Amino acid sequence: MIPIASGVRVWIATGHTDMRRGMNSLGLLVQEAFKRDPHGGNLYVFRGRSGKLIKILWHDGLGMSLYAKRLERGRFLWPSSADGVVTITPAQLGYLLEGIDWRMPQQTWRPQAAG
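In terms of the numbering used here, the sequence shown opens at residue 334 and continues consecutively.
Keep in mind that the hints are not guaranteed to be accurate.
In silico DSSO-like pairs for lysine-lysine, Cα to Cα no more than 30 Å straight-line [to be verified]:
| id | residue 1 | residue 2 |
| --- | --- | --- |
| 1 | 388 | 368 |
| 2 | 385 | 402 |
| 3 | 368 | 385 |
| 4 | 402 | 368 |
| 5 | 402 | 388 |
Okay, the calculated beta carbon distance ranges per label pair [stated by the list, open to error]:
| id | residue 1 | residue 2 | range |
| --- | --- | --- | --- |
| 6 | 351 | 419 | 27 to 33 Å |
| 7 | 410 | 361 | 23 to 29 Å |
| 8 | 413 | 336 | 28 to 34 Å |
| 9 | 368 | 340 | 15 to 21 Å |
| 10 | 436 | 357 | 30 to 36 Å |
| 11 | 433 | 370 | 28 to 34 Å |
| 12 | 368 | 405 | 33 to 39 Å |
| 13 | 445 | 370 | 47 to 53 Å |
FYI, nobody ran anything at the bench for these hints, they're computed from the structure. All figures in this text were calculated on a predicted structure; none of them were measured in a lab. Where is the CB? At the ideal position from N, CA and C, for every residue including glycine.
All chains should be modelled from the sequences, with the hints used to inform the complete structure.
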């Protein structure tokens, strides 16, 4: 898991991204298209066309990292491309990485009484 410090923002690139891109190409996309600093310590999340693969770009102050996750079943839930770039909380990123609807997570079941 990515050790996310307090104050770090998580940015989602809406729409789909060419998943053949590497860290340099994604960093350039962050810089030119989103007008953000890819070396600023924030996380940038990209999703492929099929919705099964995401990549996360992160600079920790020492170097750039590129993380990838592919779901075996289902798709990552994503905001529409009309929204532009969306920011989410680190907790919502945790839901996203687990394949849970990060917009409205549901508590599955809670016992009514002990015993």
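Right, here's what the structure says about each hint:
Proposed proximity of residue 388 and residue 368 is supported: the alpha carbons are some 19 Å apart, at most 30 Å. For the given pair, residue 385 sits about 8 Å from residue 402 by alpha-carbon distance, which is consistent with the 30 Å threshold. Proximity of residue 368 to residue 385 is assessed by CA-CA distance (about 27 Å); at most 30 Å being required, the pair is judged to hold. Distance hint between residue 402 and residue 368 is fulfilled; the C-alpha atoms sit about 25 Å from each other, no more than 30 Å.
The suggested pairing of residue 402 with residue 388 holds, with an alpha-carbon distance near 7 Å, which does not exceed 30 Å. Separation of residue 351 from residue 419 is about 19 Å and departs from the stated range, judged on CB atoms against 27 to 33 Å. For residue 410 paired with residue 361, a C-beta distance near 27 Å keeps the hint of 23 to 29 Å intact. A hinted range of 28 to 34 Å for the beta carbons of residue 413 and residue 336 is consistent with their spacing of about 30 Å.
The beta-carbon spacing between residue 368 and residue 340, approximately 20 Å, falls within the hinted interval of 15 to 21 Å. A hinted range of 30 to 36 Å for the beta carbons of residue 436 and residue 357 is consistent with their spacing of about 31 Å. Separation of residue 433 from residue 370 is about 30 Å and conforms to the stated range, judged on CB atoms against 28 to 34 Å. Under the hint 33 to 39 Å, the C-beta atoms of residue 368 and residue 405, about 35 Å apart, fit the expected range.
Restraint check, residue 445 to residue 370: a C-beta distance of roughly 50 Å satisfies the suggested window 47 to 53 Å.
Violated hints amount to a single one, hint 6; each of the other numbered hints is respected by the structure.
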